[in-house]
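Which chain is which? The protein sequence lines are F and X, in order.
Here the first sequence is numbered in the working numbering, starting from -9 and rising by one per residue.
Here the second sequence is numbered in the working numbering, starting from 3 and rising by one per residue.
Since the hints were made in silico from the structure, they are not lab data.
Small disclaimer: the values here were computed from a predicted structure and weren't measured.
The C-beta atom is built at its ideal place from N, Cα and C for all residues, glycine as well.
Beta-carbon label-pair distances, calculated as ranges:
id, chain 1, residue 1, chain 2, residue 2, range
1, X, 119, F, 150, 28 to 36 Å
2, F, 93, X, 79, 24 to 32 Å
3, F, 75, X, 122, 34 to 42 Å
4, F, -3, X, 55, 45 to 53 Å
5, F, 67, X, 119, 38 to 46 Å
6, F, 75, X, 66, 44 to 52 Å
In case you want the letters, here they are:
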Amino acid sequence: MNLYIILAIVLGVILVYFWLTYNSLVTAKVRISEALSHIDVQLKRRTDLIPNLIETVKGYAKHEKELLENVTKARTSLMQAHTTKDKAEANNELSGTLKSLFAVAESYPQLKANENFAKLQDELTDTEDKIAYSRQFLNSNVLSYNTKLSVFPSNIIGNMFGFKPAEFFAATESERQPVKVSF
Amino acid sequence: MNIYNAVGSNKRKTIFIMLLFVLFITTLGFVYGKASGGLAPSYAIIAFIFAIVSSVGSFYFSDKLVLATANAQEIKEADNPELFRIVENLTIADGLPMPKIYISKDPSPNAFATGRDPKHAVVCCTTGILERLNKTELEGVIAHELSHVKNYDIRVMAIVAILVGFVAILADMFMRSLWFRNSDDNDNRGNGIFLILGIVFAILSPLIATLIQLAISRKREFLADASGALLTRYPEGLASALEKISSDPRPTRTATAATAHLYIVNPFKGKEAGAWLSSLFNTHPPIEERIKILREM
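Produce the entire structure from the sequences given, and follow the hints as far as they go.
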């Protein structure tokens, strides 16, 4: 009789644990997709700003054709990206081309003096900051979710219900590499 | 202590403080009724109703009271786009809803956060802090305040500001009147009541002090510093902000003894005017220690 009661209690505890862990995994997954949609909002804002920027730059710096084409290309590939990995790559590509575009703009005083250009540059910088912050939020959520999926005993439940580890939104190449100083 | 059990413990603390307040005020009503020769239970019931109403009221409106005492005004995005952008970016990184932003006109640099949960949160900066700090330093300060929001520290701190502050002011009032009454013995009966109340408070005030220390442990400032630094990934920003704030000799005039513990840096700057009441609320860890820990991160 006593044995049955103990068994029932143990079983109950295990069931409650399953229930709580399953729910926490689902919550973590929802949080990740929410964080991803935050990033998408910022990426969308960025791609919307770029045609405007290109029009403005064209008016002052006609010779930078190749550079402008690169920006357009990077923008298109970002718009076509669907997986987190592709998005991260395309976004990094776009960041790189934009950086060189703004660097080139330094040598066109009239372009720099253009109010519209200054505003666009400011907004794009802000969007880039916001992408970085949303990425930070996403990655910290992915980290805790993936950790839950791989540590014992929650990994058992993760495997049982087919939870897959989530992808990180990778940082740009230049951010990952150590700073090089050359003389 | 991580953020998840910090949230739970802060929610429990809030309820505990509210219950203690109701109990205390009811007892006080009973003692007053007995001493003045009236019907003690009816005094107790009136005090009980009053305590319930004021503690539930301060749960919902303490942030408004705190902001009113700080003489702070809400600002819109157009008033200070840079500040809005900093707060917006950090809330994105922390996954918090956007808080309201208030500015209090005070040349002394300081900041605090209040509200009852992240959905009803307010971050308040003085005009002094906006003038003196650069962007990375301000980011450090805002990240620190947002950690208070996320931890539900703001809930406990606002409740403490109103309820415990109220009790402390009552205690101060009775203690003072006790000293004054000693010199004139015309009204014997009134004297007796105040004597009893005075003794009750004299016994209780160290208890109140302990309670505040318990509720607003110094650890929470360190925890907010640490999680703020985790958010900005740049502890030096907050460290140099703290250095700048503490090097400014002007005390924050819009702070009171009851709201002092809300601020990022002790607003009195060691120049306490109101004797034991403010030392009671002196819950800030030494700033040098905070800077040292941030620099070692």
